[in-house]
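Asker: Heads up: the sequence lines are chains A, B, C and D, in that order.
Everything in the first sequence is counted per our numbering, starting at 1 for the first residue and increasing by one.
Everything in the second sequence is counted per our numbering, starting at 1 for the first residue and increasing by one.
Everything in the third sequence is counted per our numbering, starting at 1 for the first residue and increasing by one.
Everything in the fourth sequence is counted per our numbering, starting at 1 for the first residue and increasing by one.
Calculated from the structure, these hints are not laboratory results.
Keep in mind that a hint or two might mislead.
A short, non-exhaustive set of chain A residues, derived as facing chain D with CB atoms under 8 angstroms [claimed, not checked]:
{"hint": "1", "residue": "V4"}
{"hint": "2", "residue": "L5"}
{"hint": "3", "residue": "N6"}
{"hint": "4", "residue": "V7"}
{"hint": "5", "residue": "G23"}
{"hint": "6", "residue": "L27"}
{"hint": "7", "residue": "P31"}
{"hint": "8", "residue": "H38"}
{"hint": "9", "residue": "R58"}
{"hint": "10", "residue": "T64"}
{"hint": "11", "residue": "V71"}
{"hint": "12", "residue": "V75"}
Every residue, glycine too, gets a C-beta built ideally from N, C-alpha and C.
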Amino acid sequence: MSLVLNVLSVLAVCAGAFFFLAGTVGLLRFPDPLCRLHALTKADNIGLGLVVIGLLFRAASPLTALKHVGVWLLVLLAGATVTQLIAHIARPSGPRA
Amino acid sequence: MSFDIGLTLLVLAVAAWTIAARETFVAVVGFVAYGLLLAFVWVRLAAPDVALTEAALGSGLTGGLLIGASSRLRRSQSPAAEEAPGVVLKAAAAVLSILVSAGLAAIVLLLPDPAPTLAPQAAASIAATGLGNPVTAVLMAYRAIDTLLEIVVLLLALVGIWSLAPDRDWGRRLDRRGSTDPVSVLTFVAQLLVPVGIIVGIHIFWVGSVAPGGEFQGATILATMWTLASMAGLVSAAAVTRRWLRLVLTIGPAVFLAIGLAGFALAGAFLAYPKSHAKLMILVIEIPVTLSIAATLALLVAGPPERARQ
Amino acid sequence: MTATLYGFCAAVLVGLGLFGLIVHPQPLRKILAFNLIGGGVFLLFGAVARRGAAAGFGGDPVPQALVITGLVVAFAATALAVALLLRLTGAARQAGLRSDG
Amino acid sequence: MADFLFAAAGFVLAMVALGLVRVLRGPSEVDRIMAAQLVGTGGIAALLLLAEATGSPAAVDVALILALLAAFVSVAFVTASSRSEVDGT
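Could you build the full structure based on these sequences and the hints that come with them?
Answerer: Here it is, written out as structure tokens:
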């Protein structure tokens, strides 16, 4: 049982690490700020989410698990809103209606 | 070990770049990243309480303060004020800095080997207070006078900032980053984050008696939430002459001092707690102290009262 | 061993900050450099605390508590310095350029 | 298992270090702030992994604080720059 959980945990964390890799590559290689914003949100939401899922398989207590999920939700919220705020600045004419 | 070496190199690279960056804004962003990395270092150094403080201050209030300052300075910077230093001065500064670094590194190498430690005394004060977190025990019992004086220093810094206000602006509302921003996403994020943040702040404060956390960390989070709410225009800024504001600012040190003086009667020394009620009295001190620190930190970021800029 | 490594890190940080403090002409950069020095000094405390691990703690709690108070006071000092700086530039602008306040 | 988590934390931290290059190169302030945001998220992930690898539960609290304040610096940046637009140049 614990072997299965460990394998699942390793898989999820590896996938999360891959998304961080992808996000960083996008941040470095994409040509303009809005593309890079796109890369950034992928890394934020999916990479951290997969890492959190991987760690949930090993969570010692419900409170720790709750904190992990809370961290993820907070980052989701920050990512979703802040990227929008930043996109307003990145595009001088403002968003298209 | 290789993790630590990599982290050290990363910290040093970010620090070097904070110094070397040409634009002030870049240096400020670098400094925020530096604070984040330092939180890592504190975790690695088995100092989670410090890591919490560094994370709360370094990635929150300090970043906000410096970014605000750099964006205001950019608009009013006269180019004449930026004469670059000569080569000789740079070389001399480099030599001096290298000497200081080498001296400190030598001291690190020469530290006495069975390292002197006050941990046993701190452990004794834990036993006397019934607290579970050694750092909180040190802050509130073993070296409580340092903590009391520190809170007074915070208030003095605030008085210093307020004294910078021109006479004509005194008593006006603090010009917080006003709600001129029409982008309602800001209001949304503040409305969601502030309640969560208050809960997290109270949680960090509350676990401080048994686990890493405590009044400074909790207060910093509360202050950040207050600042966030006022940046989004959710709460209107208060005039610094308001009586309730002054009361919140001073109630912490006042209660601390009162209980400290009561220690003469109850336990025979300044800031000594009677054995049976130590934990309760520490809690009675900590709650108002947390409120006062939070209010002071938020007002420190807000700066002196000034006219609304139209 | 970890403590020694981060002790070296702290030593270099103090040197870097000192260099920036002397060399940079802009006051805000000087404030940043000064905070860098502060970070280095705190880290030195952290290294000493880590070496003093005893009585079942991961580190000596007394220097750790000192660093916590130090961090908060350093923040207050930074805020005061920034406020002074903003007031100074505001006054200079009003005196020098035409006032549009 | 702890070794694996430790290595994963190191890997994510290395990605953070690469992301810092974007803060360095810019070119615009928006890029810098965005990259700083990625640095924060990566730092949070690395901290969570580190907490599990070394068995220090307090590091989760550190990550929680970082996640809570992740938006703060960006919001400060956005309000500061929208203020400078309002003030005019």
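Asker: State for each hint whether it applies.
Answerer: Results for each hint:
1. The beta carbon of A:V4 comes no nearer than 13 angstroms to any beta carbon in chain D, farther than 8 angstroms, and the hint placing it at the interface is violated.
2. Because the beta carbon of A:L5 sits about 10 angstroms from the nearest beta carbon in chain D, more than 8 angstroms, this interface hint is broken.
3. A hinted interface residue such as A:N6 counts as satisfied when its beta carbon comes closer than 8 angstroms to some beta carbon of chain D; here the least separation is about 6 angstroms, so the hint holds.
4. Restraint check, A:V7 versus chain D: the minimum CB separation of about 10 angstroms is more than 8 angstroms; hint violated.
5. Annotation: interface hint on A:G23 holds; nearest CB of chain D at approximately 6 angstroms, less than 8 angstroms.
6. With 8 angstroms as the threshold, the beta carbon of A:L27 comes within range of chain D, its nearest partner Cβ sitting at about 5 angstroms, so the hint holds.
7. A distance limit of 8 angstroms between C-beta atoms decides the matter here; for A:P31 the minimum to chain D is near 12 angstroms, and the interface restraint is violated.
8. Taken as an interface hint, A:H38 does not check out: its beta carbon lies about 11 angstroms from the nearest beta carbon of chain D, beyond 8 angstroms.
9. With a least beta-carbon distance of about 6 angstroms to chain D, the hint placing A:R58 at the interface is held under the 8 angstroms criterion.
10. For A:T64, the shortest C-beta to C-beta distance to chain D is roughly 6 angstroms, which falls under 8 angstroms, so the interface hint holds.
11. With 8 angstroms as the threshold, the beta carbon of A:V71 comes within range of chain D, its nearest partner Cβ sitting at about 4 angstroms, so the hint holds.
12. For A:V75, the interface hint holds, the least distance from its beta-carbon to any beta-carbon of chain D being 5 angstroms, beneath 8 angstroms.
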